[in-house]
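Undergrad: Taken in order, these protein sequences are the chains called A and B. 0 is the number of the first residue of the first sequence in numbering that gives the first Met the number 0; add one for each residue after it. 0 is the number of the first residue of the second sequence in numbering that gives the first Met the number 0; add one for each residue after it.
Heads up, some of the hints might be wrong.
[Stated by the list, open to error] Taking lysine-lysine pairs in the DSS-like style, the calculated list, with each CA pair at most 30 Å apart, reads: (1) Lys29/A - Lys12/B; (2) Lys179/A - Lys68/B; (3) Lys310/A - Lys107/B; (4) Lys12/B - Lys27/A; (5) Lys179/A - Lys55/B; (6) Lys205/B - Lys179/A; (7) Lys179/A - Lys19/B.
If you are wondering where the hints come from, they were derived from the structure by calculation, not from laboratory data.
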Amino acid sequence: MKAVVICQKMGIAAFLYIRKMNTQVEIKRKNRKSIVLILIILTAMIIMAAVCMFVGSSDMTIGEALNALMLNGTDGHERIIWKIRIPRVLAAIIAGAGLSVSGLIMQTTLNNSMASPSTLGVSNAAVFGANLSIIAFAGGFLSTGNNLTSYTVGTNPYSTSLMAFLFSTASILLILSLCKIRAFSPNVVVLAGIAVGSVWTAATTILQYYATDVGLSAAVVWSFGDLGRASYKTVVIMLVVVAIGTIFFQTMSWRFNVLLSGEATARSMGVNVDMLRFFSMLIASVITAVCVSFLGVIGFVGIICPHITKKLLGHDHRFTVPMSAISGSMLLLMADTLSRSIGNGSALPVGAITSLLGAPFFIAVIFSRKENHP
Amino acid sequence: MIRIDNLSFRYSKRTPPILKDINLELNAGEVGILLGKNGSGKTTLLKNILGILSPKGGTIYLNGKDLLKMKRQERARLIAYVPQNIHFGALTVFDSVLMGRISYFGIKASTADYEAVERILADMNLESYAMRSVEQLSGGERQKVAIARAMAQEPKLLIFDEPTGNLDIANEGLIIEEAKKLAREKNIAILSSIHDLNQALSFGDKFFFLKSGVICHSGGADAVNEISIKETFDVNVRIAKIENQKIIIGGTGKCI
Numbered sequence: 000m001k002a003v004v005i006c007q008k009m010g011i012a013a014f015l016y017i018r019k020m021n022t023q024v025e026i027k028r029k030n031r032k033s034i035v036l037i038l039i040i041l042t043a044m045i046i047m048a049a050v051c052m053f054v055g056s057s058d059m060t061i062g063e064a065l066n067a068l069m070l071n072g073t074d075g076h077e078r079i080i081w082k083i084r085i086p087r088v089l090a091a092i093i094a095g096a097g098l099s100v101s102g103l104i105m106q107t108t109l110n111n112s113m114a115s116p117s118t119l120g121v122s123n124a125a126v127f128g129a130n131l132s133i134i135a136f137a138g139g140f141l142s143t144g145n146n147l148t149s150y151t152v153g154t155n156p157y158s159t160s161l162m163a164f165l166f167s168t169a170s171i172l173l174i175l176s177l178c179k180i181r182a183f184s185p186n187v188v189v190l191a192g193i194a195v196g197s198v199w200t201a202a203t204t205i206l207q208y209y210a211t212d213v214g215l216s217a218a219v220v221w222s223f224g225d226l227g228r229a230s231y232k233t234v235v236i237m238l239v240v241v242a243i244g245t246i247f248f249q250t251m252s253w254r255f256n257v258l259l260s261g262e263a264t265a266r267s268m269g270v271n272v273d274m275l276r277f278f279s280m281l282i283a284s285v286i287t288a289v290c291v292s293f294l295g296v297i298g299f300v301g302i303i304c305p306h307i308t309k310k311l312l313g314h315d316h317r318f319t320v321p322m323s324a325i326s327g328s329m330l331l332l333m334a335d336t337l338s339r340s341i342g343n344g345s346a347l348p349v350g351a352i353t354s355l356l357g358a359p360f361f362i363a364v365i366f367s368r369k370e371n372h373p
Numbered sequence: 000m001i002r003i004d005n006l007s008f009r010y011s012k013r014t015p016p017i018l019k020d021i022n023l024e025l026n027a028g029e030v031g032i033l034l035g036k037n038g039s040g041k042t043t044l045l046k047n048i049l050g051i052l053s054p055k056g057g058t059i060y061l062n063g064k065d066l067l068k069m070k071r072q073e074r075a076r077l078i079a080y081v082p083q084n085i086h087f088g089a090l091t092v093f094d095s096v097l098m099g100r101i102s103y104f105g106i107k108a109s110t111a112d113y114e115a116v117e118r119i120l121a122d123m124n125l126e127s128y129a130m131r132s133v134e135q136l137s138g139g140e141r142q143k144v145a146i147a148r149a150m151a152q153e154p155k156l157l158i159f160d161e162p163t164g165n166l167d168i169a170n171e172g173l174i175i176e177e178a179k180k181l182a183r184e185k186n187i188a189i190l191s192s193i194h195d196l197n198q199a200l201s202f203g204d205k206f207f208f209l210k211s212g213v214i215c216h217s218g219g220a221d222a223v224n225e226i227s228i229k230e231t232f233d234v235n236v237r238i239a240k241i242e243n244q245k246i247i248i249g250g251t252g253k254c255i
């Protein structure tokens, strides 16, 4: 009798062990599926980057481009590849990743699926800063008395980007300081972002009203997102900021997952929700500010890519953070290739292409949204 | 085991106090029920215990440790919360329960965390659901996953805010039974707010009646009577006994 009981217990233990092993195998299989999907999109992104490098207004063949890439081409071809196309492709990869990851994190921290890097009015502030630099300071009315013939380009090529960055950072700090009063309630952050953003837009309009024709056109052209402005220096600065930000978001991925359960639950699990929201918003905004300052306004990447990612992989931030980054790079590369293919010899603003792609997608997301999660 | 002395809370100096001199004691394995009208301070009291709100006076001790002086993670390893409205995001049941271990692992879950989750899923018969998305589950199943997530914190005190608020009658009974079983088997104290008095009677061991932020009656099942209900809810009820079980009937009076 005793032997039967022992056998029964051993049987149960064996059954539980097999079931446990099965669960572990299933978890590994599920995680591997997500990783494989990320690797597929990464491969597609690398292929897209190569395509992007071989497409342009010059009539260079793929063979000539490859020779130039290996430093065996003509001076002209090597200059096009190494001075124009490679910084452009790198800028697309880095800015696309940064804007997309920023969008994903803002959607989670604000519990709002429509949040994006423009939610805090970062882009509006950057546009104002750049407009102020172009219209008022860089040979504009403050230094020339609005005399069109005296209009010159500023001596420092980075002055416009610097002004754009300073104003967008100031705007972020203003909004986050205001929101601290209300303990970073998501609705308060969104509303404060809209309010402050509209102040910058109004200020830009007033500034443009007093601008010269040349100043106005220069300011408007700046606000079009353009990857052609990228240089190796700007690429390195963007890379450092985007890489640090993305690594931070990746390490916080479980905390973001917990935040999906609601604020009270997250607090009860020991997550410092206010600090997480503050630093996430700050870092996401700084990433946006740096990208927008160097490249101009590139809309909708921060909305389209996080939504595609969530449709493919669910809401687990361990996988959605890298996937968002890669899909953002992919989208911006596609938009850039498209803008140079249909531009009839000149590249259309990439910001316009992403918005053209983004608006219909945005509408589709709104009408197909079943769940309430960000 | 949990002991609250003279706890008071108000949102700011300009607003009236929400909780006044709350005294409450609950032992391991016991289920305490907070009863009171909407706005009487039940959820505010639970949030003060959880550390979501900071009390303006008084003390909360759990197993002899001062909760108000504890770090967030330390507190999260002692107290877990099952909210009324449950959200998870599009995650699997396994990952949702693993979330409960965040106060232990912080950045990356260890093998010990995975094993703890496997044990809890087995204990609560949720193993077959492990790889399913929580979004595909029914209300009762999601509630069970929320309890499993709370259990992953290995708490000494489990707090429920209206645990059966969104459930049908079958799932109400199931969740109450599951929670009671956990309290008894794992020697965990449970503190819960509940609106339905009959459910409260079947769930609780101790009852605390809150009126305008003050505990006006407390005690065992005997404390749930016509007088305490009348004073707390301003309604007249009758209490009957069917198969030796107390049943509260009716409820006439002014509604606020």
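Undergrad: For this structure, which hints from the list above don't hold up?
TA: Numbers 1, 4 and 6, in rising order.
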